[in-house]
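Below, each chain spelled out in residue letters.
There are 2 protein chains.
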Amino acid sequence: MRCCIITIGNEIIQGRIVDTNSAFLARKLSILGHEIRAKISVGDSHELIAKALSTCLDTFGCDLIITTGGLGPTPDDITLEAIARALGLELTLNEEALKEIERKYREKGLEMTEARKKMALMPRGAKPIPNPVGIAPGALIETYVGGRKILIVALPGVPREMESMFSSFVEKMLRLPNRFLIEAYIDLLNARESDLAPLIKELQKRYPEFYIKSHPMGHEIEKPSILLYISTYDSDKQRGVSRCIDLLKALETKLREALPHVEVKIRTPCTSQ
Amino acid sequence: MRCCIITIGNEIIQGRIVDTNSAFLARKLSILGHEIRAKISVGDSHELIAKALSTCLDTFGCDLIITTGGLGPTPDDITLEAIARALGLELTLNEEALKEIERKYREKGLEMTEARKKMALMPRGAKPIPNPVGIAPGALIETYVGGRKILIVALPGVPREMESMFSSFVEKMLRLPNRFLIEAYIDLLNARESDLAPLIKELQKRYPEFYIKSHPMGHEIEKPSILLYISTYDSDKQRGVSRCIDLLKALETKLREALPHVEVKIRTPCTSQ
Numbered sequence: 001m002r003c004c005i006i007t008i009g010n011e012i013i014q015g016r017i018v019d020t021n022s023a024f025l026a027r028k029l030s031i032l033g034h035e036i037r038a039k040i041s042v043g044d045s046h047e048l049i050a051k052a053l054s055t056c057l058d059t060f061g062c063d064l065i066i067t068t069g070g071l072g073p074t075p076d077d078i079t080l081e082a083i084a085r086a087l088g089l090e091l092t093l094n095e096e097a098l099k100e101i102e103r104k105y106r107e108k109g110l111e112m113t114e115a116r117k118k119m120a121l122m123p124r125g126a127k128p129i130p131n132p133v134g135i136a137p138g139a140l141i142e143t144y145v146g147g148r149k150i151l152i153v154a155l156p157g158v159p160r161e162m163e164s165m166f167s168s169f170v171e172k173m174l175r176l177p178n179r180f181l182i183e184a185y186i187d188l189l190n191a192r193e194s195d196l197a198p199l200i201k202e203l204q205k206r207y208p209e210f211y212i213k214s215h216p217m218g219h220e221i222e223k224p225s226i227l228l229y230i231s232t233y234d235s236d237k238q239r240g241v242s243r244c245i246d247l248l249k250a251l252e253t254k255l256r257e258a259l260p261h262v263e264v265k266i267r268t269p270c271t272s273q
Numbered sequence: 001m002r003c004c005i006i007t008i009g010n011e012i013i014q015g016r017i018v019d020t021n022s023a024f025l026a027r028k029l030s031i032l033g034h035e036i037r038a039k040i041s042v043g044d045s046h047e048l049i050a051k052a053l054s055t056c057l058d059t060f061g062c063d064l065i066i067t068t069g070g071l072g073p074t075p076d077d078i079t080l081e082a083i084a085r086a087l088g089l090e091l092t093l094n095e096e097a098l099k100e101i102e103r104k105y106r107e108k109g110l111e112m113t114e115a116r117k118k119m120a121l122m123p124r125g126a127k128p129i130p131n132p133v134g135i136a137p138g139a140l141i142e143t144y145v146g147g148r149k150i151l152i153v154a155l156p157g158v159p160r161e162m163e164s165m166f167s168s169f170v171e172k173m174l175r176l177p178n179r180f181l182i183e184a185y186i187d188l189l190n191a192r193e194s195d196l197a198p199l200i201k202e203l204q205k206r207y208p209e210f211y212i213k214s215h216p217m218g219h220e221i222e223k224p225s226i227l228l229y230i231s232t233y234d235s236d237k238q239r240g241v242s243r244c245i246d247l248l249k250a251l252e253t254k255l256r257e258a259l260p261h262v263e264v265k266i267r268t269p270c271t272s273q
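As you go down the protein sequences, you meet chains A and B in turn.
Quick note, the first sequence lines up with residues 1 to 273 if you use my numbering.
Quick note, the second sequence lines up with residues 1 to 273 if you use my numbering.
Hints may be right or wrong, so weigh each one.
[As the list claims (entries may be wrong)] Distance condition first, Cα-Cα at most 30 Å in a straight line; then the derived DSSO-like pairs of lysine-lysine:
1. K51(A) to K117(A)
2. K205(B) to K237(B)
3. K108(B) to K223(A)
4. K237(A) to K265(A)
5. K51(B) to K223(A)
6. K117(A) to K108(B)
7. K28(B) to K104(A)
8. K237(B) to K99(A)
9. K108(B) to K51(A)
10. K28(A) to K51(B)
11. K149(A) to K99(A)
12. K108(A) to K201(B)
13. K223(B) to K104(A)
14. K254(A) to K108(B)
15. K149(A) to K51(B)
16. K205(A) to K117(A)
17. K149(B) to K51(A)
18. K265(A) to K104(B)
19. K99(B) to K223(A)
20. K201(A) to K28(A)
21. K108(B) to K104(A)
22. K223(A) to K127(B)
23. K201(A) to K28(B)
24. K51(A) to K99(B)
25. K254(A) to K117(B)
26. K108(A) to K265(B)
27. K205(A) to K172(A)
28. K117(A) to K127(B)
29. K265(B) to K205(B)
30. K51(B) to K205(A)
31. K108(A) to K223(B)
32. K265(A) to K28(B)
33. K205(A) to K117(B)
34. K51(A) to K28(B)
35. K28(B) to K127(A)
36. K108(A) to K237(B)
37. K117(A) to K149(B)
Rather than coming from a laboratory, the hints here were simulated on the basis of the structure.
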């Protein structure tokens, strides 16, 4: 699936916190074999959330959008209302969500208030996602936009709630059969990215099914060092790992020929996720 | 200025790293008094970088776009080429950038190669941004899109290079006269977000020039705790801080009346940036 991630919150857009939610989700979706087209962060604003949604749907052509943030009881928690408005869906009190929220408060002898009830307002037809860690449920919204089926998954912004809900509920829905991520990390000491570039270009031609990426870790001139990442997807874990090992051998041979001063250290050997 | 931040790199979009660059830039731009409309992350792809640019310009109406990543010597470092293509500008060898790159390699007895030269390719008219930490220079691109003047600042993806270049070169260009961010953080122990919501709503009405935001830190029912953030901009630092202190006093009075069990702890007192 073509995925977009939207993280919502003024604290993100103003740089008061580092957005770890989108990294968590992107990593999970990558391992599951999906293509992440874009991550977008916007503040708590109807206008900006609507713009982020239309960007994901129209500009990036995503079928799956995962949002985080804006599900709580305060007036600026507006994600589900903004999604409903943007998609022309009615915002209604979701009975299943309401029951669950009531149960949690009642257990501690707390009454329902307007602010607490608000967390059960969802686009009509949405399915609540249980929140085993906190209160606000997530929402699963399946709908059609221009005849195209899309899935929106709205999760809370508190990382431990979001992560737990993704792992216990969302992940299994999105698992693709027979698609495994194979990857390895290799440290190349005394290697300059500018020297490696032609070598990687050649290797990439020989192994087109692999993604090969150099990340400069030291200083290009003063203290050159590269972290090389290679990855591919395979329907057969064993075969994928073997192909990955092949590529690493070819890399070592190439390096010995062209850049013998480079020291190769396998940081993470070829592994399937 | 209306700002958008675009962070570029497959490692970001696949969640292999947490994007700290956009948080750094968003915080800096906030302190400088600018409005951040959106942060977008995309992979190393011409198509996706072009889409991110058009989203920032057309959908979010940004006048200032800061990009990070994709300035290095490898074939997938394509940010400046992608910007040039998207804006219909010619990609040319920037003589000033080339001289600086050559100087850095020559100092260590290293010759120029195609991969190294590539880092001096910039949209015509771009001004190189010196990189005091690494090699690849940044680029400042002033251009017109549909009659609107826009500024694009392209910075490298390596955080220590990006941060140093922003602080030593970009920041002073973007400073607004007489616009100071005033902010405070307050811990509210034993406070539930759902109980605070009406109180914050009231306070917000009385102090419309302030941004007041509650962040749940504990568990809404089991172990409730809130981090409250308040901020405003003022052309007079002293006055801004006084108004902030006023608001905090009003908050404490309100809390004593309505939620006397809540313990108030000032984490960061009213401060001007």
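Structure-based check of each hint:
Between K51(A) and K117(A) the alpha-carbon distance is near 27 Å, which keeps this suggested pair within the 30 Å criterion. This hinted pair checks out: K205(B) and K237(B) have alpha carbons roughly 23 Å apart, not beyond 30 Å. As the CA atoms of K108(B) and K223(A) are separated by approximately 11 Å, the hinted pair is consistent with the 30 Å bound. Proposed proximity of K237(A) and K265(A) is supported: the alpha carbons are some 23 Å apart, at most 30 Å.
A distance of roughly 36 Å separates the Cα atoms of K51(B) and K223(A); the hinted pair therefore is violated under the 30 Å criterion. With a C-alpha separation of about 67 Å, the suggested pairing of K117(A) with K108(B) is violated against the 30 Å cut-off. Distance restraint check for K28(B) and K104(A): the Cα-Cα separation of roughly 40 Å exceeds the 30 Å cut-off, and the hinted pair is therefore not satisfied. Between K237(B) and K99(A), the direct Cα distance comes to roughly 49 Å. Violation of the 30 Å bound is thereby established for this hinted pair.
This hinted pair does not check out: K108(B) and K51(A) have alpha carbons roughly 49 Å apart, beyond 30 Å. For the proposed pair K28(A) and K51(B), the alpha carbon gap of about 24 Å is at most 30 Å, so the pair holds. As the CA atoms of K149(A) and K99(A) are separated by approximately 29 Å, the hinted pair is consistent with the 30 Å bound. Between K108(A) and K201(B) the CA atoms are separated by roughly 25 Å; this keeps the pair inside 30 Å, and the hint holds.
Our distance criterion of 30 Å between C-alpha atoms is met by K223(B) and K104(A), whose separation comes to about 13 Å. The straight-line distance between the Cα atoms of K254(A) and K108(B) is roughly 25 Å, inside the 30 Å bound, and the hint therefore holds. Annotation: proposed proximity of K149(A) to K51(B) holds, straight-line Cα distance about 22 Å (limit 30 Å). Among the hinted pairs, K205(A) with K117(A) is inconsistent with the structure: their alpha-carbon atoms are about 58 Å apart, more than 30 Å.
A C-alpha spacing of about 22 Å is found between K149(B) and K51(A), which places the hinted pair at or below 30 Å, so the restraint holds. At most 30 Å may separate the alpha-carbon atoms for a hinted pair to count; K265(A) and K104(B) meet this at roughly 28 Å. Only pairs whose Cα atoms come within 30 Å are accepted, and K99(B) paired with K223(A) is accepted, the gap being roughly 22 Å. The suggested pairing of K201(A) with K28(A) holds, with an alpha-carbon distance near 28 Å, which does not exceed 30 Å.
Between the alpha carbons of K108(B) and K104(A) the distance comes to roughly 66 Å, so the proposed pair goes past 30 Å and is violated. With a CA separation close to 28 Å, the supplied pair K223(A) and K127(B) stays within the 30 Å bound. Note on K201(A) and K28(B): the hinted pairing is violated, with a Cα-Cα distance of about 37 Å set against a maximum of 30 Å. Distance hint between K51(A) and K99(B) is unfulfilled; the C-alpha atoms sit about 42 Å from each other, more than 30 Å.
Restraint check for K254(A) and K117(B): satisfied, since their Cα atoms lie roughly 23 Å apart, inside the 30 Å limit. Under the criterion of a C-alpha separation no larger than 30 Å, the hint pairing K108(A) with K265(B) is consistent with the structure, at around 25 Å. For the hint pairing K205(A) with K172(A), the CA-to-CA distance comes to about 35 Å; that exceeds 30 Å, so the pair is violated. Under the criterion of a C-alpha separation no larger than 30 Å, the hint pairing K117(A) with K127(B) is inconsistent with the structure, at around 55 Å.
Among the hinted pairs, K265(B) with K205(B) is consistent with the structure: their alpha-carbon atoms are about 23 Å apart, no more than 30 Å. Our distance criterion of 30 Å between C-alpha atoms is met by K51(B) and K205(A), whose separation comes to about 27 Å. Straight-line distance between C-alpha atoms of K108(A) and K223(B) comes to about 12 Å, which keeps the hinted pair within the 30 Å bound. A distance of roughly 37 Å separates the Cα atoms of K265(A) and K28(B); the hinted pair therefore is violated under the 30 Å criterion.
Taken as a hint, the K205(A) and K117(B) pair is honoured in the structure, with Cα atoms around 22 Å apart against an allowance of 30 Å. The suggested pairing of K51(A) with K28(B) holds, with an alpha-carbon distance near 24 Å, which does not exceed 30 Å. For the proposed pair K28(B) and K127(A), the alpha carbon gap of about 39 Å is over 30 Å, so the pair is violated. A threshold of 30 Å between alpha carbons decides the hint, and for K108(A) with K237(B) the separation of about 45 Å lies outside it, so the pair is violated.
Annotation: proposed proximity of K117(A) to K149(B) is violated, straight-line Cα distance about 46 Å (limit 30 Å).
Hints 5, 6, 7, 8, 9, 16, 21, 23, 24, 27, 28, 32, 35, 36, 37 from the list above are not met by this structure, while the remaining hints are.
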